[in-house]
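4 protein chains.
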Amino acid sequence: MGIMRIATLTSGGDCPGLNAVIRAIVRTSSSEYGSTVVGFEDGWIGLMEDRRVQLYDDESIDRMLLRGGTMLGTGRVHPDILMSNLDRIKENLDDAGIDALIPIGGEGTLKAGKWLSDNGIPVVGVPKTIDNDVNGTDYTFGFDTAVAVATDAVDRLHTTAESHQRVMIVEVMGRHVGWIALHAGMAGGAHYIVIPEKPFDINEIVKSMERRFQMGEKYGIIVVAEGAAPKPGTMEYEEGGVDQFGHQTFNGIGQVIGQEIKSRTGYDVRTTVLGHIQRGGTPTAYDRVLATRYGIHAARAVHEGDYGKIVALNGENIDRIDIDDAVAELKVVPEGRYRAAAALFG
Amino acid sequence: MGIMRIATLTSGGDCPGLNAVIRAIVRTSSSEYGSTVVGFEDGWIGLMEDRRVQLYDDESIDRMLLRGGTMLGTGRVHPDILMSNLDRIKENLDDAGIDALIPIGGEGTLKAGKWLSDNGIPVVGVPKTIDNDVNGTDYTFGFDTAVAVATDAVDRLHTTAESHQRVMIVEVMGRHVGWIALHAGMAGGAHYIVIPEKPFDINEIVKSMERRFQMGEKYGIIVVAEGAAPKPGTMEYEEGGVDQFGHQTFNGIGQVIGQEIKSRTGYDVRTTVLGHIQRGGTPTAYDRVLATRYGIHAARAVHEGDYGKIVALNGENIDRIDIDDAVAELKVVPEGRYRAAAALFG
Amino acid sequence: MGIMRIATLTSGGDCPGLNAVIRAIVRTSSSEYGSTVVGFEDGWIGLMEDRRVQLYDDESIDRMLLRGGTMLGTGRVHPDILMSNLDRIKENLDDAGIDALIPIGGEGTLKAGKWLSDNGIPVVGVPKTIDNDVNGTDYTFGFDTAVAVATDAVDRLHTTAESHQRVMIVEVMGRHVGWIALHAGMAGGAHYIVIPEKPFDINEIVKSMERRFQMGEKYGIIVVAEGAAPKPGTMEYEEGGVDQFGHQTFNGIGQVIGQEIKSRTGYDVRTTVLGHIQRGGTPTAYDRVLATRYGIHAARAVHEGDYGKIVALNGENIDRIDIDDAVAELKVVPEGRYRAAAALFG
Amino acid sequence: MGIMRIATLTSGGDCPGLNAVIRAIVRTSSSEYGSTVVGFEDGWIGLMEDRRVQLYDDESIDRMLLRGGTMLGTGRVHPDILMSNLDRIKENLDDAGIDALIPIGGEGTLKAGKWLSDNGIPVVGVPKTIDNDVNGTDYTFGFDTAVAVATDAVDRLHTTAESHQRVMIVEVMGRHVGWIALHAGMAGGAHYIVIPEKPFDINEIVKSMERRFQMGEKYGIIVVAEGAAPKPGTMEYEEGGVDQFGHQTFNGIGQVIGQEIKSRTGYDVRTTVLGHIQRGGTPTAYDRVLATRYGIHAARAVHEGDYGKIVALNGENIDRIDIDDAVAELKVVPEGRYRAAAALFG
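Protein chains in written order, with numbering that gives the first Met the number 0: chain Y, 0 to 345; chain S, 0 to 345; chain V, 0 to 345; chain C, 0 to 345.
Hints were generated in silico from the structure; no laboratory data involved.
Accuracy of the hints is not assured; some may be wrong.
Residues from chain C that face chain V, not an exhaustive set, calculated with beta carbons under 10 Å [unchecked claim]:
{"id": "1", "residue": "Asp13"}
{"id": "2", "residue": "Asn18"}
{"id": "3", "residue": "Asp41"}
{"id": "4", "residue": "Leu71"}
{"id": "5", "residue": "Gly74"}
{"id": "6", "residue": "Leu156"}
{"id": "7", "residue": "Met167"}
{"id": "8", "residue": "Leu273"}
{"id": "9", "residue": "Arg278"}
Every residue, glycine too, gets a C-beta built ideally from N, C-alpha and C.
Could you put the whole structure together from the sequences, leaning on the hints where they help?
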């Protein structure tokens, strides 16, 4: 293709590296093809409502490389709303003279991109998930930063746990998959890791802690993914309570496991819920490189007219795969990976 | 004094820098005076039960400089128990040939040290409080590390808050004083800081957020000390609930403030409770230097027979002050310090 | 004073925290007094050449809190040039309607500020020195960040030195004073620290390393301030060479000491010169708080008409001291501080 | 295989993650197979001289996960010496009852391992190179940590360069390949990257800096791999000088490039040589996970009798490949990877 006018937007939860992707799209489009890039703010809603901003290939965009979050803002929108606005979207893209769209987002965003692609809009997607659950790509940017933040927390809790002879539980992100828990747990030397893919048996967790205390190593670190759940029938547990004052309560699975261990063993048990600090802030060098490479290759795919694809990390290379292949199912932690990690729980 | 045999112990909550203090006591005692040091494990209880370990002036103790927690373990004991065990304590110290004791701990530990000192045991105390609430000393080790961890969290939440147009609340440590909240809030550019010393008016907090959103800066960061409380009569609030399943709930003041802002404004509000990651892990360089200086000077005070004192940072110097002066009252955030910070809330 | 129009500028080497000072001046002036602030770019030269920029009390200035360097740029100018431009400076300040000037800089800048103050320009100075060598203030911002960076380097070199049985030398900043070397060396557990205040005896350094190797601790870490020098008559050494190709060479004192140890002992010795990474990048939380407090108090001093002063940290308080007192002489590492640190060299 | 007795050793330069590999070998061997592990100290020399230490599957080995360097020490030995000691090596392994050997090291170590394997010693190798130059594996542990340290330095230099309108050059590791320079340069937003694989044209580098200054972006960051070299005939340059005092000089290629830019443009140019801080210290979470996985899979390969192989990262999996394939040639930065990065130099 010749010189193009490209649009990009970020959708769904924020993720360290989004700005690095945008920067790489802008700079590659400019320096390799002489093309220009506009952004739509606040995700799909900004595309529907034409919240357009010009993105310039200058010093200011370079500065964004280090910044977490997204300079374009983000948002969520129901697919039905998007679909019912196809005409408006096409109109806005036409008005702005856009030749192709690069949406950056998770499963929902990529599916929407696919649907737009099927409906005549040239689309190349960039996968974004801090949870690392997109099929067809080895890693997604943001994941390494989340693991680094979670691992730093585990490192810090080790010494406290040991000094106070405590069991410390760290609840990390991961509603449907346990990649962050698995990696942060391995990196941090956790004594147990609980992931959604493998319903837990509270008896086994309790036993593993008791074994440590009996061996004289009187503390334990347990990393729990927020989406973990007990084996059916092994433990009473309901999410989302209301206290006697009528306020919503925030007991997550980490706290539930903690209470259970405490009541069964009498150990001093504490739970820390890491929450949003895992997804904000300056990306790690790894994530900046990966996000930059995604941006470079998305810009190239667009200029080569290779639509309906997403860019994906495959070993050392960035490949292009069909969006359908990427969103067909979640990438879960394989049984073997968990078992290998479990051999180190000790 | 000539060559001595010194004992040390750590008591109360753990704190980054405890090991640096112990190392400095051991090395200074050895290299400046030819003295030896033993540690009692698990705080006062270890002194009562004679859980004694020899501390060697070698490579292994140097390695502890970087480690959070305490190599001696820690514990809590009721003053009455301590007092009723005076004879046993004296016996244990005699048996071990101990000439002087250096307890490292917070208000309770220092008071106990004073009481032992009044009862004939040569004691020099080292103040330890992550909350920075000990009178008579500019700063205590561990505080800088806690502020650094909390500030890193605030930095990370900024970009998420901005990308999602959210109010993000960070609950930090500080049951009785707001030093960590004040410093992390100032360092992180928080838009509101809530501290125990100044009961908050929820209306004012809500208004400050509304002002930001009206000005187009559609996000906000609020740092809340865990011990913050509303002005009497301004807001219903009770701690420590139980949900409909009979489980203990964990709604802290940060979550209460968050719910209130959300229900009054409709903004997307999220709360992160930092918890234990603030008190563990490798101390900052600042805390390692301060802790090391405390240890050096405690060893010297002991060898100079200057008992009944604690070491304290006074500007650039480490002074010795009477334990009584240190524990008479908590060091709170002065009104003027808070007002100066508040001018930057914007 | 009522509403004012204030000017600020940054001069000399850059330093983490400069932007935090500027931000605090702008926000405090605006929110407490309704005043406005302009900046002159590139230090004194910008004042002479009227490179004026308006600084706004908005979101963008908040973002600068985390950024190293200075948003106003910096420069150096000879005092004679400044003095010969007094009329032009006054004219520029008059034209811009400036009521008072807040120069942020080191010894030279503060002296220049004093001279301007004596010549009728209302000036309040903010001391800036990464070396921590300004008299009358406990600490200056930037110093903590430099120590943190240097300490991180020392931490990293420890494991390499140990694995390879090497002597590792780290040359840190400090042309005239050894504060950074002293603190980074103490925090990092260095086995020897060499500072400008105490001319070194190479024999003593060599002996201390030999002692370690004989004791079986076959590695050593030495922290050297760039301005360190041998005791007169103890070692041949000249700075600033030229090699056989006519190129300038960069052998610093760290490398000289390294070569000497190597040739005398045969140990594997390596030198790392940290250089500029010590003075750039995001300030530590400590430096952000200190810089912010300096900015707040400089703005207040100006509004209270308290000219000819600098702001200075005194224990927990920010005081105002006469510029003359601050620049009379350098703040050096006292003999006692060095001796206390030396007791830990081991 | 049944229960085994395994030996391991680390050879060549140290690398963050070595201890994590050793820990994973010990724990996996113990918990999955009931096997025990011994280490030989100081690399191959320790194997020849039987410097054997038992490695226990306990708390103490878990602590090593975070530590840089190698708990076994390391060393270098000429292949001829190794080969002439085959009988002694076999004898030592026999005496210790060793069933298989896991050497952890770079190209030379792996070749030696292959030779031993060909000579009847059961060997599984673990590749170690901070430079990431081993063929057949996507990444090697230590590389991510080196890139993280180098990127942090680049981040810090950005603000200084900008504040002072300077060209800052960062010389990073990489004697034969430019992976660290490429990744740190991309992650840090460098304006030029110089790698060994692509001999540089000093005119082009100078022009790229001049372009920036002309565009008003009056500073530049250049990342240079230590092994970079000019295009033949374009620039006089000789390594390893001696100054007029007869001392060895340390002008690396970074300093040579810096001097050249300075003399041609008159810009303020500074060079920082990162050196050893890139290879020491706590590994990143990424490297801890990768190193742990290498250790797990090396232990499994040994127990499955799959000798003459090394473990290698292939996308998401750890594979086993023939040692010969790994050491046949260096993994260099492909032309396309460099060109993609160069499009962002700007």
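Status of each hint after checking the structure:
1. Asp13: Check passed: Cβ of aspartate 13 (chain C) comes within 4 Å of chain V, closer than 10 Å.
2. Asn18: holds (9 Å)
3. Asp41: Where the cut-off is 10 Å and the nearest Cβ of chain V is about 8 Å from aspartate 41 (chain C), the hint holds.
4. Leu71: Given a least distance of 9 Å, the restraint on leucine 71 (chain C) holds.
5. Gly74: Hint holds; glycine 74 (chain C) Cβ to chain V Cβ min 8 Å, cut 10 Å.
6. Leu156: holds (5 Å)
7. Met167: Given a least distance of 7 Å, the restraint on methionine 167 (chain C) holds.
8. Leu273: The hint holds - leucine 273 (chain C) has a Cβ within 10 Å of chain V, the shortest such distance being about 8 Å.
9. Arg278: Since the shortest Cβ distance to chain V is 6 Å, the answer is holds.
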